[in-house]
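Visitor: The primary structure of each chain is shown beneath.
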Amino acid sequence: MPKVLGINARNLLYIKPSHTRRSLRIIDNKLLTKKILEKQAIPIPKTFGFISSAKELSQFDWNALPSSFALKPNRGLGGQGILVVFGKKKNKVESKRFLLLRAFGKNIFEDAWIKADGSAVTLSDIKNHIQNIVDGNFSLGNSPDIAFFEERIKILKLFKEYSYKGIPDIRVVIYNSIPVMSQLRLPTKESEGKANLHLGAVGVGIDMETGVTTQAVHHDKPITHLPGTKLSLRGIQIPEWDNILKLAIKAQRAVKSNFLGVDISIDRDRGPIILELNARPGLAIQIANMAPLKERLERVKGLKVTSIKKGAKIGQDLFGGDLEGEVEELSGKKVIGFREQITLFGEGDKQHKTFAKIDTGAYRTSICRTIADELSLTNILKYKPARGALGKEDRPIIDLTFELDGEKIRTEASIASREHMTHDVIVGRRDLKRFLIDPSRGLGTLNGVSTKNDKRPSNT
Amino acid sequence: MIDFLTQNGIPQYATLWILMLPIAATVVVVSRQIIGIKGFGITMPVLFGFSFASTGLEMGIMIMLIVLLSGYLIRSLLNNVRLLYLPKTALVITGAAVTALAVSPLLPYSKEFQFPLAAFALVIFVLSLEQFYAFLSERGLKKTTAVTIETLALSIIVFLITTWELLQGLVIDHPILTILAVVATNLFLGKWTGLRLSEYIRFKDVIFK
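In order, the protein sequence lines correspond to chains S and C. Be aware that the first sequence starts at 1, since it is given in the working numbering, and climbs by one per residue. Be aware that the second sequence starts at 1001, since it is given in the working numbering, and climbs by one per residue.
Worth double-checking, as some hints may not be accurate.
[Claimed, not checked] Here are the simulated lysine to aspartate or glutamate pairs, DMTMM-like style, with alpha carbons at most 20 angstroms apart:
no.	chain 1	residue 1	chain 2	residue 2
1	S	294	C	1205
2	S	3	C	1199
3	C	1038	C	1165
Keep in mind that the hints were calculated from the coordinates and are not lab data.
With the hints as extra help, turn the sequences into a complete structure.
Guide: Right, here's the structure in full:
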């Protein structure tokens, strides 16, 4: 049975041993977290100001606020108590207390801001909300709290059609300096523009290696399309993926916690920014990725991670590739690189193992004359004209059986003189009908030597 | 032990209820850690379960719902007036208490209804409103309703187990053994890292893919 992470195990095995009282104190305090991240030169949203008492509320300079901002409780939980406004209207909105004000001959209009859903929030609404935050109505354990104003992240064009009003963010779960799982969190109408899954936001699983989205979750149910639309959630490439992973590890190291959910947003101008840290990351991410988290955590437990770069690489290598498996499942075809190991079968029990170049430019599979001789493949069926690197020639055609990525294929192949070429065998498109080709793959080893920087002429 | 307590003026039913307390708490812990029923902490389900024992199950649920609903209505009314949190909560409690008193003559009393304990049950329901509304203002109506239903279910389980005569007999006969069993169970549960029953349902798509 897959090792799914439950709440009991998360709390006892991962949260408790991974935190000190100090790290929890930092993470549960957003302003303190920001201060510590800023010291490490980690990008965070700007803070415009904060209010920690009724007195400060009455003395606050409202004109110093920009027309768009996010108002947050310092020790808030799960996105509660966050108010985001998009624009300002000066003296436009009739005050709710206008009868009283009119009686005293005062201005009955007051300043207002516009919320995500288009409704207006007046200054007195905002003051009321701040009073609620300061009273501790949104904080952990209902203790008195601080309200602060924060820069509103500017949404990337790419994400616009996928999210309702709010800003999507990327949750990366980090353990032992290694990113183990991540999801893109898309705000919906139901979640009122917030990216919290339990409020109704959509979580989209991400392939750890490439940063491409896979499947998704909404209210703990697996989905493939954005609810209420025909937009597929599969295959979205998250920009700056490598940087996002590194940023998440940096943040984890800055607060000295071993298990953490890092929320990163991408600003149109500033790039990836750390929005928030979460000591108790939610577990629905496992449904978004259709992958058990406990299994991954156990795999990276105790690994020595010497650098941030290495941590990101380990996470990518260990937990990537889900996408490929999925593509294979969906298409019923296997994904291969441009270079693959191949086994050729000859007369009797004779076999030859080598690397083949996958070549969609060639129609027919072609093998080197020396291999044909070695395997006693001498029964020439016919001759066919072929246009090779050496001009037009007639090549002998033989009956050939080979195995590529576990698939056994019987075909007609031509014999050519390939002694001076990098690859003994090329596989042509006639025999590639059961495969999909990923040209970014196949830079592996050839005869034990890395060919990534191969200086030899790349003849086929 | 029970004999010693009885000889020194502590009635047997008092000892029984005090010993039932850790058992009731353990029942709540098992429901949370193994089954995954949420509920408002340990205190509320245990108090409710004990209250049901003094009022009878049906009457208890009826009173509880009346108190919660009247409290909710009063709070909604008060929301239109801007009031500080604590005075508002006190007003909600006042309103719920008055409503409970007003409807109490109409309730079909049964012989299970034991005064003065039943009056205390009412006090417990009314006082639970504070925690209930704190949750409501934080998490919203939908979530609160769900957790209230789960709390109610837990309370009923606590009620059924604590009023189970076989268990009551065991506790009275072997009080030390009871305590040891409770301690052992909780030590085990404290180290339990397995999936909760509710999580098998929540993650069924990942587990049984």
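Visitor: Are the Cα atoms of residue 3 of chain S and residue 1199 of chain C separated by 20 angstroms or less?
Guide: Answer holds: residue 3 of chain S to residue 1199 of chain C is near 12 angstroms, not above 20 angstroms.
Visitor: Has the given pair, residue 294 of chain S with residue 1205 of chain C, been kept, meaning a C-alpha gap of at most 20 angstroms?
Guide: holds, 16 angstroms
Visitor: Take a quick look at whether residue 1038 of chain C and residue 1165 of chain C sit within 20 angstroms of each other, Cα to Cα.
Guide: violated, 27 angstroms
Checked against the numbered hints above, the structure violates only hint 3.
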